[in-house]
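Given chain A's structure and the hints, the job is docking chain B onto it.
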Amino acid sequence: MTRAGLALGLALVAAGIVARTPGLVLIGLLAVFAVSVTELWSRYGLRDLRYLRSIGRNRAVWGDEVPLDIAVWNDKPLPLAWLSIDDYATQGAVVLEEPLARSERPGFTILRSRWTVGWYERIVRHLTIVADHRGVYSFGPVRMTVADLFGHGAATQEHQDRGSYIVRPRSLPVHLASQQHAPAGYLRARHSLFEDPALFAGVRPYQPGDPMRRVHWRATARTGATVSKRFDPSRALEVLVALDVQTLPGPHWTLQFDEELVESLMVAAASLARAALAEGASCGLAAAAFSRTLDRFAVVAPRAGRDQLASITDMLARLSETPSAPFEHLLARLLQTVSPGTTVLVLTARDPEPYIAALARLDRSGCHVQLVGLGPNGDRAVARARAVGLAATTGSLTPDWRTSDALVLAS
Amino acid sequence: MSTTEPLETEAATDGGLPIPSQARIGRFWRDLRDSVAGAVVGEEPALRLLAVAMLADGHALIEDVPGVGKTLLARAFARSLGLSFNRVQGTPDLLPSDVTGSSILEVGRLRFVAGPVFANVLLVDEINRATPRTQSALLEAMQERQVSIEGETRPLPAPFLVVATQNPVELEGTFSLPEAQLDRFLVRVTMGYPDRDGERLIARRYRGGTEPLDRIEPIVDRDSLLALQRAVSEIVVSDAVEGYAVDLVRATREHPDLRLGASPRTSVALFRSSQAWAALAGRGFVLPDDVVAVARPVLGHRLLLDVDRLLRGATVERVLTEVLGSVPVPVPASER
Numbered sequence: 011m012t013r014a015g016l017a018l019g020l021a022l023v024a025a026g027i028v029a030r031t032p033g034l035v036l037i038g039l040l041a042v043f044a045v046s047v048t049e050l051w052s053r054y055g056l057r058d059l060r061y062l063r064s065i066g067r068n069r070a071v072w073g074d075e076v077p078l079d080i081a082v083w084n085d086k087p088l089p090l091a092w093l094s095i096d097d098y099a100t101q102g103a104v105v106l107e108e109p110l111a112r113s114e115r116p117g118f119t120i121l122r123s124r125w126t127v128g129w130y131e132r133i134v135r136h137l138t139i140v141a142d143h144r145g146v147y148s149f150g151p152v153r154m155t156v157a158d159l160f161g162h163g164a165a166t167q168e169h170q171d172r173g174s175y176i177v178r179p180r181s182l183p184v185h186l187a188s189q190q191h192a193p194a195g196y197l198r199a200r201h202s203l204f205e206d207p208a209l210f211a212g213v214r215p216y217q218p219g220d221p222m223r224r225v226h227w228r229a230t231a232r233t234g235a236t237v238s239k240r241f242d243p244s245r246a247l248e249v250l251v252a253l254d255v256q257t258l259p260g261p262h263w264t265l266q267f268d269e270e271l272v273e274s275l276m277v278a279a280a281s282l283a284r285a286a287l288a289e290g291a292s293c294g295l296a297a298a299a300f301s302r303t304l305d306r307f308a309v310v311a312p313r314a315g316r317d318q319l320a321s322i323t324d325m326l327a328r329l330s331e332t333p334s335a336p337f338e339h340l341l342a343r344l345l346q347t348v349s350p351g352t353t354v355l356v357l358t359a360r361d362p363e364p365y366i367a368a369l370a371r372l373d374r375s376g377c378h379v380q381l382v383g384l385g386p387n388g389d390r391a392v393a394r395a396r397a398v399g400l401a402a403t404t405g406s407l408t409p410d411w412r413t414s415d416a417l418v419l420a421s
Numbered sequence: 008m009s010t011t012e013p014l015e016t017e018a019a020t021d022g023g024l025p026i027p028s029q030a031r032i033g034r035f036w037r038d039l040r041d042s043v044a045g046a047v048v049g050e051e052p053a054l055r056l057l058a059v060a061m062l063a064d065g066h067a068l069i070e071d072v073p074g075v076g077k078t079l080l081a082r083a084f085a086r087s088l089g090l091s092f093n094r095v096q097g098t099p100d101l102l103p104s105d106v107t108g109s110s111i112l113e114v115g116r117l118r119f120v121a122g123p124v125f126a127n128v129l130l131v132d133e134i135n136r137a138t139p140r141t142q143s144a145l146l147e148a149m150q151e152r153q154v155s156i157e158g159e160t161r162p163l164p165a166p167f168l169v170v171a172t173q174n175p176v177e178l179e180g181t182f183s184l185p186e187a188q189l190d191r192f193l194v195r196v197t198m199g200y201p202d203r204d205g206e207r208l209i210a211r212r213y214r215g216g217t218e219p220l221d222r223i224e225p226i227v228d229r230d231s232l233l234a235l236q237r238a239v240s241e242i243v244v245s246d247a248v249e250g251y252a253v254d255l256v257r258a259t260r261e262h263p264d265l266r267l268g269a270s271p272r273t274s275v276a277l278f279r280s281s282q283a284w285a286a287l288a289g290r291g292f293v294l295p296d297d298v299v300a301v302a303r304p305v306l307g308h309r310l311l312l313d314v315d316r317l318l319r320g321a322t323v324e325r326v327l328t329e330v331l332g333s334v335p336v337p338v339p340a341s342e343r
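First to last, the protein sequences are chains A and B.
The numbering of the first sequence is my numbering, which starts it at 11 and goes up by one.
The numbering of the second sequence is my numbering, which starts it at 8 and goes up by one.
Hints in this document: simulated from the structure, not taken from any laboratory.
Note that the structure is a prediction, hence the values are computed from the model and not measured.
Each residue gets a CB set at the ideal place from its N, CA and C atoms; glycine is no exception.
Sample of chain B residues facing chain A (criterion: CB under 8 Å; computed from the structure): (1) T181; (2) L311; (3) G320.
Isolated chain A (complex conformation) (with noise of 0.2 Å):
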C-alpha cells in the first residue's frame, strides 16, 4: 500500500511535469508527502515509547480505593499526535476516573488511554482502583497504537506487561449474643475445655464436678484443704473454618448462586477466621470451591501466626461463587485429614440437609463440630444440626455485608 501510493504520487509529479500541469504535481507531492508521513510514524511512532503501570498496592480489602498510575514516555525526537494504549484488566476491575470499555477477548475489559505526546515528553496520568469486588484481578496486555498526522493506525503493537491486585473480604469484630453461643475452639479456650494437661500450672480451690484425677492429692494432704490442678489453655489448639459456598438448594453443578449471600460467607469465614487467631489459635479454612488451581478443594492449613489472616483472606479472595463439589466430598476428606480435638466450624446458608450425615460422623470422630447459620436459612440450619446432636448458632451481618460493623452470633 505505501509503496503503491509513492509510486502512484511519483507518477502524478511525473505526469504534471510532462502535462506542464502545475496541479497534477502539487497532488503528485500530496500524495508523497502523505504516504512518507504515515511511512514515518509507522516505522519509528513506537520506537523508545515506553508505557508504565504502577499499581499503589498489591493487596486491598473490599471497599478500598488503590493508587494507580499510568505514564507514557516518548524518549525520541519524533512527536506522537495521537496515541492509543489498550490496557486489557480482568472483568470487574473498576477505575474511579475512567470507565472500562469492553472489550472483545472474554473475561477483559479495557483500560483505554489517549494520548498526544511531545518529544521526550513523559506523561503521568494518576487513577484510583476501586476495590468492590472480591477477587483477584490483573492488569495487562498493553496494545499501544500509534497514528500519523493524519489519525491514520499507522502501527500497533502488545507487550506482556502484567500486574495485579487481590480484593480480600472483610474481616469484622465478632459479638456473641451471650457467651452460651461462643464457638468452641477460640471463645473457650481460656477455661478448662481446652486446657493441656501436659501445661501444669499450679492448684485452685476444688470446685464441685472436678473429677477425681483432677484433684492435687498430695497438695491437699498438705494444706488441709482439697484443690485441684490448675492446666494452662493448650497451645496446639485448632480452629478449622469449613465454608459450604452453595447458597441455593439442589446439586453443586448448577452453576447458580446468590451473590449477596456468597459474599456474606466470605465476610463471616474471614471474621471467624480473624477472632480465632486473635485468641490465640490455630486457624485454618476449607471450602468446597475453585480457587484458581486445578485442586477442587480450596485448603489452607490450621496455624497460628500474623501472616496466617492474611493466608485465609488471600484464599477467600480467590474461591468461585460456585461450589467445586459437594460440601459432603469435603467433610469426608476432613474426616481422614483434620486432627482429632480440632473445632470445625461449618459456616453454611443453606439446609445442611445434604450433610447433616457427614458433620455428625466428623463430631463423633472427635472434633468439635459447630455449625454457623447465615442468612434467610440460617434457623433452619441451625435447627436441622440441632436436632442430631452438633452445637449450633446463627450469625448475622446487619444492615448486610457491605455496612455491617459486626458479625453477630446468636441462638
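Same frame as chain A, now just chain B:
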C-alpha cells in the same frame, strides 16, 4: 585459611584478656569467610550477619525456604569457630529438659546430665516445630546466659550463641515464635537461592560424595573470640550516629502500619550490631552506613504489623524502607 593457630593478639588491656586491634578483626572475618566458603557457596551476606551476632554477643535466626543451606551454614560457621557445638532438632515432642538437661538417679544419688544448651554454639534446627513450652525454655538461656534446673541456676559457657533455623513455607504443625522470643534474636538472616554459577559449584562439590564440612578447620580459639567480642564493644560510636540509631528505632513506633514498633532492647541490638558490622569492615568507628546495613536484619523480625494494614498489603520490608527514608542521616559538618 584452614589452620588451628589462634589469632595473634596484642597486649592485655582489660582484665588480663588481650584485646586485638581492628586489623585482627578484619583478619578474623577474612579467615572465617574463606573457611566457610569451603562448604557453603555464595552466602557471604548471611555469614557476615552470623559473625555480627557472634561478635555482638547475640543470637541469630536463619529463616528461609528448605534446601538453601541454612543448617549447613550454621554448622560450617560453628565448626570454623572451633567452639563446643551442639545441635537440637525442633520437634513437637521435644521437652524443655531435652534442651536444658535434667538430673537422673544414679546409685542413690541425683546426678545432673547437662543438655545440649551447655555448649558455646547451639544450633536449634527448625525451632518453630518445637512447642512453645520448649521454645520458652530457651528464653532464659538466650537472655540470661544461664538455665535454672530443679531450683538450681547453672551458668552457660561463654561465648554462647544460639543459631536457630526456621522454614517459613511448611507451616502445618508449627508454632510461631512469640514476639518475646523473636526479640531475643539479635539478627534475622535470610539466604535466598544461589546464582547459576553458585548452584553448579554446589552440585560439583557434592558429586564426589565427600562431605565439604569435613574440610573446615577452626580459625580461632575461645579466648581469642572473647577478646574479639571485647574489642567490638569498644568500637567508637559518635553521638550523631548513636542518635541516628535511636531515631530509627523510635520512628518504627510512630509508623501507622505497625501495631508494635521496636522495643528499647532493639536500640541496644542496633547499636551493638552496628559496632560489629563496622569492626568486620576493619574500622574502629561506626558510620551511619553501618547502622543502615544492619537495620533490616535487626529490626525486621521485631516489628508487628497492624492486622488491617497487613490485609491491605503492608509489609515489614516496605515499612523499613519508609523508616530508613524518613529519618535524616547525620552528615559531617564538612559536607553540609
